[in-house]
Every structure is written in structure tokens, then in C-alpha cells.
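Please build the complete structure, drawing on both the sequences and the hints.
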Amino acid sequence: MTPNSRLRATAEPDTSWSPPVHAPFALLPVGVWWDAVRVPYARGWGVVRTLGEACGAVIGDPHRSWLYWLVPPGGGGLPAREGEVVRLSVACWLPVPARTRTEPPGPYWAVPYGGADGRGLTDPLRLRAALADGEAAR
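Residue numbers (the working numbering): 2 to 139.
If you are wondering where the hints come from, they were derived from the structure by calculation, not from laboratory data.
Remember, it's a predicted structure, so these values are computed and weren't measured experimentally.
Glycine included, every Cβ here is placed at the ideal spot set by N, Cα and C.
Each hint should be verified, as a subset may be incorrect.
[As the list claims (entries may be wrong)] The following label-pair restraints were derived from C-beta to C-beta distances:
(1) G115 - G53: 12 to 22 Å
(2) W46 - W94: 22 to 32 Å
(3) S17 - W94: 11 to 21 Å
In C-alpha cells form, the structure reads like this:
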């Protein structure tokens, strides 16, 4: 099955993927299993706190000072760009850390994906509300 054949028109994620196991990270296509929402570090950590238990997996990029939330493909109504927040989708690639990589250097799970303590995709409506709350507080 090709990555393009896994694209879905619904908000239901295709969970047939998993973070890499034998490499520090893998460059994966966005828009196939999930979209990614890129937020600057300073603002992003407040969003993690605001979402609390509703926060899904988040990838940290310490080199560029970004956090990336994984959301269902299509973004669930999130705009492609809203100020400094950018939704990445088809035709973008994201370095996805190994499941066990939870600190820098390099890409890491700021909020781990999967497993007993890990999370899946973030609900895009909750993420948008948390981003709006953070913007109002600024």
C-alpha cells in the first residue's frame, strides 16, 4: 500500500503507523497518517499545560525551537496558517523521533506517542481552543 492510498477524508486517523524503533528519527510524510501543527516553543509549552490530559503526542525540535502537535489528516478545521502557528499537511515531511527518544539532542517526544504513558493524536478543536486561550493571554 502506498502512502497516498492511506489518505482519508474523515477525521478518523489511520493508526497503522508507528514511530521508528532502530533509528534516532525518520523523515515521514505529513498528511498521510496525521497532519502536524507547528507552534514556537515559548507559546507551545503553555498550550501543553492548557491541554493537560487532552494533549496528544508532541514532537519537539530544539534546533528550530518548534513544537509539533499531531492531529488527524485534514486538520479538522484548523487553518493552514494563523499568525505564527502553521498546519503542515500533504507535500511536507517531518522528522519523527524514535519512540524512546524523549529528550534532545535532535527531534524528541516532548509529549510521548503511544505506549502506557503515551498519547495519540490531539483533537484539533481542543488544540485550536488552547491556542486561542494562549493568544488571549499574550
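Right, here's what the structure says about each hint:
no. : hint                   : result
1   : G115 - G53: 12 to 22 Å : 19 Å, holds
2   : W46 - W94: 22 to 32 Å  : 24 Å, holds
3   : S17 - W94: 11 to 21 Å  : 19 Å, holds
Checked against the numbered hints listed earlier, the structure breaks none of them; every hint is satisfied.
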